[in-house]
Each structure stands twice: as C-alpha cells, then as structure tokens.
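J.: Could you build the full structure based on these sequences and the hints that come with them?
Those protein sequences? They're chains A and B, same order as listed.
My numbering applies: residue 1 is where the first sequence begins, and numbers increase by one.
My numbering applies: residue 1001 is where the second sequence begins, and numbers increase by one.
None of these hints come from the bench; they were simulated from the model.
Here a beta-carbon is modelled for each residue, glycine too, at the ideal position from N, C-alpha and C.
One should not assume that every hint holds.
Pairs of lysine-lysine, DSS-like flavour, derived with a Cα cap of 25 Å [said to hold, decoys possible]: (1) K1182/B with K233/A; (2) K1153/B with K1170/B; (3) K1170/B with K233/A.
Each pair of labels, with its calculated beta carbon distance range [unchecked claim]: (4) R1191/B with G456/A: 56 to 62 Å; (5) S367/A with R1191/B: 46 to 52 Å; (6) G456/A with E1128/B: 53 to 59 Å; (7) E1128/B with Q111/A: 32 to 38 Å; (8) R1191/B with A102/A: 46 to 52 Å.
One-letter residues, chain by chain:
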Amino acid sequence: MSFGRRAAWLMTLLSALLPAPSASADVRLIHPGNGLPLRWSQPSSVSVVFQALGCSDLVPLTHLPALRGAVRAWNGVEQSSFQLVENTSPNQMARTDWGSNALHMVLFDEQGSSGYFPAGSGLVALTLVWYGSSGVISDADILFNARDHEFSVTGEAWKFDVQDVATHELGHLAGFDHSGIAGSTMYPYVHGAEQLHRSLAANDRHGLCVAYPLNAGSSLEGRLVRGSGSAVKGAHVVARDAAGEPLASTLSNSSGEWSLQGLEAGTYTLYATPLDQPVGAVNLGPGRVIQTDFSTTPLGAHVLGSGDSLQTGTRTVRADAALLLGRSMEQFPKRVTRGEIQTLTIYGAGLTEGCMIACSDPLVSVSALAWNTTHVQLRIDATQATRDGLCDLTVTQGESAHTLVGGLELTPADPVISAVSPASASTAGGQTLTITGTGLRSGLRVVIGEHEYALGEAGGAALINATTLTLVLKPMQAGSHPVVVIDPTGVEGRWSGQLLVEAMPRIDALFPQAGWAGGGTELTLRGANFEPGVRVLIGGIEQSELTREHSGLLRVITMAGVAGQQTLEVLNPGVSPASAGFTYTNSIDPQLLAVSPASGPSSGGSTVFLHGENFRSGCTVRFGVDPVTGLGGKPAAATIVRETGLLEVLTPAHSSGAQSVLVLDERTGQATLLTSAYTYHGSGTSGGGCSVVPYSSAGPGAGLGWLLALLGLLLRTRRARTA
Amino acid sequence: MSLKSRKALFRSASRMKRALVPLLAGLLLQTWLLSRPALETPLQAGTSVPMEWTGLADRCEHALEGRVQSVRVQRVAGAVETEVTLQVFRRHQGTGPAQQLIRIPGGQLADGSGLLVPGMPRFVEGEELLLFLSPESSRGWRVPVGLDQGFWKLTRDAAGRRLLERPGSKRIREDYEEAMLKVTQALTARRIRESGR
Chain A
1 MSFGRRAAWL
11 MTLLSALLPA
21 PSASADVRLI
31 HPGNGLPLRW
41 SQPSSVSVVF
51 QALGCSDLVP
61 LTHLPALRGA
71 VRAWNGVEQS
81 SFQLVENTSP
91 NQMARTDWGS
101 NALHMVLFDE
111 QGSSGYFPAG
121 SGLVALTLVW
131 YGSSGVISDA
141 DILFNARDHE
151 FSVTGEAWKF
161 DVQDVATHEL
171 GHLAGFDHSG
181 IAGSTMYPYV
191 HGAEQLHRSL
201 AANDRHGLCV
211 AYPLNAGSSL
221 EGRLVRGSGS
231 AVKGAHVVAR
241 DAAGEPLAST
251 LSNSSGEWSL
261 QGLEAGTYTL
271 YATPLDQPVG
281 AVNLGPGRVI
291 QTDFSTTPLG
301 AHVLGSGDSL
311 QTGTRTVRAD
321 AALLLGRSME
331 QFPKRVTRGE
341 IQTLTIYGAG
351 LTEGCMIACS
361 DPLVSVSALA
371 WNTTHVQLRI
381 DATQATRDGL
391 CDLTVTQGES
401 AHTLVGGLEL
411 TPADPVISAV
421 SPASASTAGG
431 QTLTITGTGL
441 RSGLRVVIGE
451 HEYALGEAGG
461 AALINATTLT
471 LVLKPMQAGS
481 HPVVVIDPTG
491 VEGRWSGQLL
501 VEAMPRIDAL
511 FPQAGWAGGG
521 TELTLRGANF
531 EPGVRVLIGG
541 IEQSELTREH
551 SGLLRVITMA
561 GVAGQQTLEV
571 LNPGVSPASA
581 GFTYTNSIDP
591 QLLAVSPASG
601 PSSGGSTVFL
611 HGENFRSGCT
621 VRFGVDPVTG
631 LGGKPAAATI
641 VRETGLLEVL
651 TPAHSSGAQS
661 VLVLDERTGQ
671 ATLLTSAYTY
681 HGSGTSGGGC
691 SVVPYSSAGP
701 GAGLGWLLAL
711 LGLLLRTRRA
721 RTA
Chain B
1001 MSLKSRKALF
1011 RSASRMKRAL
1021 VPLLAGLLLQ
1031 TWLLSRPALE
1041 TPLQAGTSVP
1051 MEWTGLADRC
1061 EHALEGRVQS
1071 VRVQRVAGAV
1081 ETEVTLQVFR
1091 RHQGTGPAQQ
1101 LIRIPGGQLA
1111 DGSGLLVPGM
1121 PRFVEGEELL
1131 LFLSPESSRG
1141 WRVPVGLDQG
1151 FWKLTRDAAG
1161 RRLLERPGSK
1171 RIREDYEEAM
1181 LKVTQALTAR
1191 RIRESGR
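T.: Right, here's the structure in full:
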C-alpha cells in the first residue's frame, strides 16, 4: 500500500473515530471521504492569474477590472487571513496551460477545449478544486464557458456579469460550497445581468473569517432533535443580528450538533430551517447528509459577550409542514431599494389565505396582496429602511413556518453619473477626471476601460463630496470607454456617454526650436502617436508642408510667421493637441551645406571648414548629434566665423563612423544640421593623410566640398521657391 | 362518395383543423420560446442556466431512466473522472445500449485525493434516476443538463404514486406522470423544430 493510500486510510479511520466536525461557518466544501473542510495551507497568499486574452465578447482587457473587483471583495474581509494575490506578470497571464498544478488560473474557454463544458450542458462557469487526503487544496482553476454564453462587464441585459460570476467562483476557490442563504454570493444560481453577488453578504464574510481566522471570536452552540429524540442532521442554523440580517449560518452534524463560531459580541436571534429550496442538498458537494423533515424552528435570542462560548442546549424542531417560500427557479436575492415601495412575487408551496408573512428587518414592512398557493404577491415598504444587506422573509401558518433566508437584499438606489469632465483623454493617462452625480459614497469603485479606481487607494479615486469624485486616469487603450461607478453593494451607475480615449500625440523633441519668420525652416518632430491625418500648427497657422514619416516622426517646412515665441501644436483628429514652443525670428536660418574635409581621425583636433549660409557670430558646432532631434553630440572647439558662409572649427574626439554635424545659433535658437557630414576614422588612419586643410587650400577635399555646397545652394533655392 | 359523406368528411376535417390550429400555434410558440436565449433561468456555479422541463428536453442528448449499477473513479490525463454505469430501463430521447456508461468530471481517488467540481451531482449505486444528459464534450464527459436540474430521483409516495424528487428535497416533488407528459411535449416540439431545419 502506498504512503498516500495509507495516509488516506488513516484519515478515514480518524474521521470515523472522532466526532464528525460540525460545520462551523457558512457551508464549506468538505472532503467527501473524511468530512474535513477543504482549505488552503497558506491562505495569506493564494495566487491567482487572470488569463490576458479574456473573452471575445468584451473589449480587450476589460475583464481584468471585473475580476479584480471580485478579488477585492474577498480580500476586503477583515478578521480573515485569506488573501488572493494576483500575479500580473505578462508571461504568467499569457499562459494557457491552466491545468498546471502551481497555476491558479481564471480563464474563458471560448472553444470548449477544456472539455468541462459539454454542448447543451447549461454550464456557465466552473471551479475545479483539487484536494489531498488531508483536505488541503492543492490547485484550483476557474473556467468560464464563453463558447455557449455571453459575458459582459457593462451590465448588458441577457449577458452574465463577469464580476458577479467571478466573485461566486472565487468563493469556491477559497473552499466554500453553496450557501443556503438566498442572497449570499455563494447562492447557487445566478441570472443574466445579475450584479448583487458582486458584493459579499454578511454570511460570506463571516464564513471567510471562520475558515481562515485571525481572531477566535465568540461562539454559539447547540443541538437539534426531533420530537422522537433523534438527531436532526444537516439542519440549516442561522444567526440574525438585531437589524434582522442573517449574519452567520451553519449545518448541524450527524449528531444534530451545530456551532457558530467567530461571532462578534452582540444579540443574535437563532433559528433552524430545512435546507430545502431554493437551495438544497443537491446543490452541495458530496459527503453531507441533509435532513429536511421539519419546519423552521425559532431557537431564541441570545446575548453574546466578547470571547463568550454560549451553549444553547438541545432544542426540538417543529414538525414538518408543506409550507415553502422561495424556489430555485426564481432570481435571488430580490432587490429592494431603500426609500421605495415595490411589489414582487415569490413562489413556493402552501401559500394560502390564512398565512402570515413578515420581514426580519423591523424597518421593512411586508404585506401580502394575494395568496395563490404556489406563489404570493407582496408589497414591500422600504421607505424607512436604513441599512444595506439581506433580510429574511418568514411565512407562517399556525405553528408551521418557513423562512426564506436572506431572500431580500436592501440596496441604495443606483448611483447616477450626471457628468464626466473632460470627456476625452489620452491613452497616456495622467489627466484628472471629475465625475459628478448622486449616490456617490465611500467604498465605491470607478471602472473605466481596463482599470478600476477604488476610493482611497493609491492610484484610486478621491471622494470630494457626495456629488463629486476625482481620479487621475491611468494609461489605457484607445477607444470609447464606459464610465461606471460601482457601489459597495454591487449596484452601479453608468454614464450615458463614453470617455473617448485616443492616442494623444506626444512631442519628445523638436528640431530646430527656432526658424526664420519668413518660413522655409525644415523642422523635425520626434514623438509618439502621430496618427494619419495629424496636423501641425505654429502660432495657430496650419503648416501645409507636412510629412508624416511614421507614427513617431514628422517633418515640417515652416510657413512664414510672426517673429517671436509661438506655440507649435500637433493635433490628431479629435484629440487634444500636444504642444511645444517654437520661435520665429527675423534672421534667415543658417544653412550647413558641406564639411571639408569630410573625414578625420577619431582623436579629433582636425581643422575642418563648414560651408553654407547665414552663419553668424555666436554659432556653436556639434559633431555626432542625433540626425533627427539635433540632440547629443560633442561640441567643436574654437569655432571661427570666417565669413557668413564659412566656419572653421576643430573637431572633437569621437568614435569612428559617419556623424551628423549641427550648427546652432545660440542667440536665436536657429540651427542647421547635415546628416553624415563628417566621418571619423579609427586611430591609425588619418583622414587620407590630410588632417589639416588650410582655409585657402584648394585640395581635392575642398573641391568636393564646394561642389556639394553648390548643389546645396541649388536645392535651397528650389525649396525657398516652394515655400 | 355521396355529397353527404363528403360534407361530413369536410366538417370532420374542419373540426380537425380547428383543433390542430391551437395545437400547432402552441407548438410554434413553444418553439419560439425555446429558441430565445436561455437566460430566463439562473445559473449554478458549477453554474448553469436554470431550466424547466422544456429547457432540459431541449438541451439533452439523452433523456433516460435507469439504475446506477456502478460508480468508479479514475485518474485521466490532467483530471479525475467518475465512470457511472447505468442500467437503462426507459429512454425518452437518444439511443444507446441497455447498459450505458457515462463519464463525468471529478471524483475522489483511492489515495484520498480528488477533484471537486462544486455543483456536480453525485451518483450513488442503486439509485434510480431520471437523467437529462448532455452530449459528450471533447474529453468524452457528459454532465446532467444544468447539473442538478437534469438529475431527478425516481421514487414513490406512501400510496405508491410515482414521483420525481430533487435529491435531498422533501418539498419539491413532481408527479411522475404529469412531469413526463411535459417532457414528452417538450421533446415533440424539439423534434418538430429540428425536422423543420
């Protein structure tokens, strides 16, 4: 027998000898063989990876904030050591081998390639939980069935909300089974566009605190038996707080014993109810016995002090009754908006005249409008309600009762976004966005494109007042993005418009930064996001001679302008411009046409002549500059203006190779640049043995220089005509 | 044929037509309803769309009644699966042998380790079931349509009346005959729809 098999037998034997553990939190997944709750051995850092491809139904990457919102819901539970840690490594997010043991991946199966979604199965998502014989979870992955179902992050009707489904599935990943509380995130069923499971219910939070506790808290214990004295197994025991919210629940064990742990000090109203619709044994994993042959039984109110462990004793459950409120075919929870009166219908059995119905929240009034045996129509008055969260509904007839646990969820009205300013933004981010509206409150998140902005977090949003919040946009994809405010309860408000995000042009370098007001200066703009259709304006005048070399480089030959400092703007269609300063001067631009000799040693120190036009005193010369931006390079020593068309310089030392040469008028900012105008040779060569050429020399290099100069002049004249 | 006979035949045909019209209209309505996106029902996580009989009949490849003869768990490439052998005693949809083998994902291995798929129904030897089974996936797995929703226990009440029971539920029991009438209607509508394609 292998060690693993021996260990399994040992665990089974131990589990048989020891009393079966009573579920001590909202329903845990258990090991089917020995009943031990499934759990992570290192709960403080359970890694998850979100497959980057997402889902073809969605704008690329917009699944990420939805999934992160789901993670945030579980990570936000105080008093629990459980933390999901997202691995955002691009390499990890690109992986498709989701079945690997060390990888806990969330992905959308678009082709049915996982094999877990047979056609017609009706499955929307699955969590696969791998466990060992001791109950430790060794791996878990979440699969969305994107082949057969459509998903949404924008609240589209008939599509499944990614965050809502993901929050539920992450609960399974944490080790939870389905909950018997109808408004719980771990409630087994979800409808299209459902959003209320995005936020955890109180019992979900309590369950996590008990499964992975930081503090022991207080506890309540008891035992349930029938009139015959037999133990009631798998009874759903629920504790409600003074406001009527079901805070914690558990299932009785095979001896009828139950235990609610991790409770805070307070007064709790207890009851036991059969786990039979809308959630039942069929919704739970294997290994449980669920008995339902009794009706909802009050177990009294109990005051619990801090650190108390209170034994409530053995209680006899009420006899079974054919009374039922809530069926799995219905959508739960039923949303009840605070401040409003509404009617709704709940299905069940035995709902006849003579029944009474009540809500657990004393500030919510419920009355039956019509009893129809299989359903009841209710009037819910929540005008006085002051809290968010779940409420129970209990129907009674004589001594019989049935409680729909957490079937109603009190929420605020949807937040409303009335304005977003500015309405357009750059893909580069960095702009401050102001959102105004109503229903803005602490705990909310803003989702725009692939990013979320949580209130109070670094890089998140800031709540200025109840009607205004601001945030600084993160870099994001181009496109039109919904702006969504998500309330802590999961309800949301969407702006009627969309934030237009486009690649805003960016200027990294402008060369030269000044030019003759008469025009004709050749400018190069290096930057990013220069889109087709880009325009350049100087001093408000659109420049007609514009060449877009590529998205990072523009060339402009300036038009005539007014002398002085001007603003140069680069505009993509429909987006705010990028701008830089540009100066028109009254001086004609300098023009470098040739360098002679055109080569020399890398050690520098050679005298060379720069031929051109309009060289003025105060000019500086640099060798080895960037041929586009004019930046960098090394300054030449001892620049002498021999005449307006001739400079004499000493070359600086430079590595070998052809280099661009720049002449800059330091006074005006005007400049001229000649690409590959001078070639440095490595040590051992010396520019053809002619390192120094006298000004008056008429050597072969000088002759070539003048020839180039002539050619340059011809070109210059032609360009000036064009301008 | 005499004129009287022809008139009688015509009247009879007219009556049949009148009777058929609502029937056909009902079937067409049902066909249209079934062709709509199936989101009127909730999901389970193992999350599925909630369904009534029509939804189950519309999606299944097999609808059958049978007894669970054996359950065996085995490790397969990258997964664990449960192999269930059913002794089939009635088929409502699909064809197959009297002993049908189905494989579902998940299960516990002999060494105590396993793969749990929350929401996946559990097969117990000896149980008699009505199952609505999906087609096989690329890995050869079938699941009950809608997980628990396509999984019904066959039972009887104290008076011997045949019932369909949601496993573990005392409150949701369907009269077998009434339920099967709905299933048959739904399957008929499906066949009409499919033959019209």
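J.: Run every hint past the structure and note whether it holds.
T.: Here's how the hints hold up against the structure:
1. K1182/B with K233/A: 35 Å, violated
2. K1153/B with K1170/B: 12 Å, holds
3. K1170/B with K233/A: Distance of about 14 Å is within 25 Å: holds.
4. R1191/B with G456/A: 56 to 62 Å: 59 Å, holds
5. S367/A with R1191/B: 46 to 52 Å: Since the Cβ atoms of S367/A and R1191/B sit about 47 Å apart, the hinted range of 46 to 52 Å holds.
6. G456/A with E1128/B: 53 to 59 Å: Distance hint for G456/A, E1128/B holds at roughly 58 Å.
7. E1128/B with Q111/A: 32 to 38 Å: Cβ of E1128/B to Cβ of Q111/A: about 37 Å, so the range 32 to 38 Å holds.
8. R1191/B with A102/A: 46 to 52 Å: 49 Å, holds
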